[in-house]
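Participant: Sequence:
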Amino acid sequence: MDNHLKTIYLPAYIEKKMIQHTRECLPYETCGLLSGTTNHITSIWELESEIKHRYRYFVSKEKVDKTMEAVESKREQVLAIYHSHPTAQPVPSKEDILHHPEPQICMLIVSLQAEPVVWQGYTIADGQYYHRPIVIV
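For what it's worth, UniProt numbering labels the leading residue of the sequence shown as 1, then goes sequentially.
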């Protein structure tokens, strides 16, 4: 099985931190990285969007590079990029698909449209998206 289709294991405490981060940034979109090894997430890296917008986020290359150095210093790799949809379902937009960096990195979208908060993981490849299994552990 291709690595970009394998199940990712997400600890419940990291899921909680991710949801808290996205709520704290309302009414704007926000994002972050989830890293670990062998499809097991062990770290969350909250990023702050440098624009305040309800339908998109932006983080400079410099800030991403600095975060990537910290991820690598822990001997981890980025397994997922999460971002919020404050007023929409957790489905990739055209912009999400266009700007996603690599198929092996999962896209996790947190929808804050209603309570309870829902989220979904995806593999993005060749301009398409596919559900990615994520299990809370």
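Treat the hints as calculated values from the structure; they're not laboratory data. Hints are not guaranteed to be accurate.
What the hints assert, rightly or not - Cut-off 20 Å, straight-line C-alpha distance, at most; resulting in silico cross-link-like pairs (SDA-like, lysine to any residue):
#1 Lys61 / Val71
#2 Lys63 / His40
#3 Lys63 / Ser73
#4 Lys17 / Ser111
#5 Lys6 / Lys94
#6 Lys17 / Val137
#7 Lys94 / Arg132
#8 Lys52 / His99
#9 Lys52 / Lys6
#10 Lys6 / Thr37
#11 Lys6 / Glu76
Participant: Hints the structure violates: just list their numbers, smallest first.
Facilitator: 2, 5 and 9
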